[in-house]
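Protein chains: 2
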Amino acid sequence: MDIFGATTLVRIRHPKRSPFMSLAPSEFRQQVRSGRLSGPTAGYCGDFAQANLAILPRQSADDFLRFCTLNPKACPLLAIGEPGDWRVPALGADLDVRNDVPAFYIYRHGERTEEVRSLNELWRDDLVVFAIGCSFSFEEMLKREGIALRHLEQERNVPMYRTSEANVRAGVFGGHRVVSMRPMKAADAIRAIQITSRFPSVHGAPVHLGDPSLIGIRDLSRPDFGDAVDIHSDELPVFWACGVTPQAAIESARLPFAIAHKPGHMLITDIPNTRLAIL
Amino acid sequence: MDIFGATTLVRIRHPKRSPFMSLAPSEFRQQVRSGRLSGPTAGYCGDFAQANLAILPRQSADDFLRFCTLNPKACPLLAIGEPGDWRVPALGADLDVRNDVPAFYIYRHGERTEEVRSLNELWRDDLVVFAIGCSFSFEEMLKREGIALRHLEQERNVPMYRTSEANVRAGVFGGHRVVSMRPMKAADAIRAIQITSRFPSVHGAPVHLGDPSLIGIRDLSRPDFGDAVDIHSDELPVFWACGVTPQAAIESARLPFAIAHKPGHMLITDIPNTRLAIL
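First to last, the protein sequences are chains A and B. Quick note on the numbering used here: the first sequence kicks off at 18 and runs consecutively. Quick note on the numbering used here: the second sequence kicks off at 18 and runs consecutively.
Only chain A is shown next, with the shape it has when bound in the complex (with noise of 0.2 angstroms):
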């Protein structure tokens, strides 16, 4: 089993008539803090960025860092937290990393032994919280420009797989990078590269198009983690570096400890989209 549990990702629902939508990045993380709102946050805030996280003892925190560093298509850091604070304020001014995220997922040896809402009972003084980009933010560009995002026209969780291209070693992490796949006409696909070019810190440009087979992909049809999602005839797939990368990393790594925030259930920040492009 995926230990960081991709696999039994939520359906993506977007919440169109929910009373939450309307709500500032701050107010969201105070309805998840005081527990009335648990699930899955795409759709919410979307002028925001939305973060991936992975909490490490400060023992493996070096290495990660080196490793984030060296694979920045896959793990482009928003943040970094000083080891042992659960405030990260490059992301909130009023951040509360411990209970600001619907649901957590705690590892022990490489096993995904609990799923938590608050870490308040398990915060330690040598932990460091690390924020990767997420592609719900390239998506919104994306939207914006009227580019039609399969996997949320069928209400699926965006296709992805493990690829034979290997990331590059630091210390304990390694593992093969993932890509995210987006099915798009030609036209579209050459937009959405100059489009997410600008935007580095989740994901950036596409890393592949075309051939899946190429990197390592035997069958679209059969994602490793996420939904399936039709392909058209006119359409080409379109290959993003995946945040699951980081986390298959640390699943290979067997660290004794370590969180994650559980596939979905994102931490909202104070970051707009739009102050993310590079240009």
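No lab work stands behind these hints: they were computed from the structure. One or more of the hints may lead you astray.
Any copy will do: because identical chains look the same in the list, a pair fits if it lies in one copy or spans two.
Claimed, not checked - Think about it this way: if two alpha-carbon atoms lie no more than 20 angstroms apart in a straight line, the pair counts; the simulated EDC-like pairs of lysine to aspartate or glutamate are: (1) Lys202 with Glu182; (2) Lys90 with Asp79; (3) Lys202 with Asp228; (4) Lys90 with Glu138; (5) Lys160 with Asp241; (6) Lys90 with Asp102; (7) Lys202 with Glu252.
Chain A is already provided as a structure; the job is to place chain B on it using the hints.
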């Protein structure tokens, strides 16, 4: 027959041992003007933009300008001359367009009637010079990043194809978009999209990649202009709008009188390729 003679494009030979290799553009133009240089210009003055030329009577110039403006991918304008003026200071202070191009084709009523090395005898007070960006500029930028260009490796002209994509019509000018094709691995194609996006005045980003039949190309091994090139199994064909498009539009318009450069025999300008970057 194609009135612009693109089917008879000369072979590209890079002038590796030419004594003219290190010339500045103004020196190169002086060599052309004095008759010491008359061949194709590929490979000369590689840091500077070369231009496609269309020289039309004022009566057709307004429509042609509108055509270029409405079809900017295929017809990116580097400069327009004043009616009757053979100087184009925007492209070079000392430039004499009548004599600084190695060879011209003359068209009368849609037929190519002459090839000349000077326009001194043919110049008219109503002629308007249009200088249109050339892919040589973005190819320089691709080469600098180590992206191999198959037609250069194979010492051929780039393959060009008529597509099923109609140009936006302006007066007598219409026709269909012509594209050039360069085969690339996916990662190079993505990088090439990023690089060429910075250079809209020399055709900018590709207009298509992947399945050629989607833009009306039946057989990549049979280009309409230029030469076929090898495509490897791990490569995608990547298609850019091509400077032959305005020539095809002029061809179909059957103007009583028009002038163009002989394909491959370009006007070398004083504009550094790097200055064409929009960012």
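Here is how each hint holds up against the structure:
{"no.": "1", "hint": "Lys202 with Glu182", "in the structure": "between (25 angstroms within a copy, 15 angstroms between copies)"}
{"no.": "2", "hint": "Lys90 with Asp79", "in the structure": "within (19 angstroms within a copy, 48 angstroms between copies)"}
{"no.": "3", "hint": "Lys202 with Asp228", "in the structure": "both (14 angstroms within a copy, 10 angstroms between copies)"}
{"no.": "4", "hint": "Lys90 with Glu138", "in the structure": "neither (34 angstroms within a copy, 60 angstroms between copies)"}
{"no.": "5", "hint": "Lys160 with Asp241", "in the structure": "neither (25 angstroms within a copy, 37 angstroms between copies)"}
{"no.": "6", "hint": "Lys90 with Asp102", "in the structure": "neither (26 angstroms within a copy, 52 angstroms between copies)"}
{"no.": "7", "hint": "Lys202 with Glu252", "in the structure": "both (4 angstroms within a copy, 18 angstroms between copies)"}
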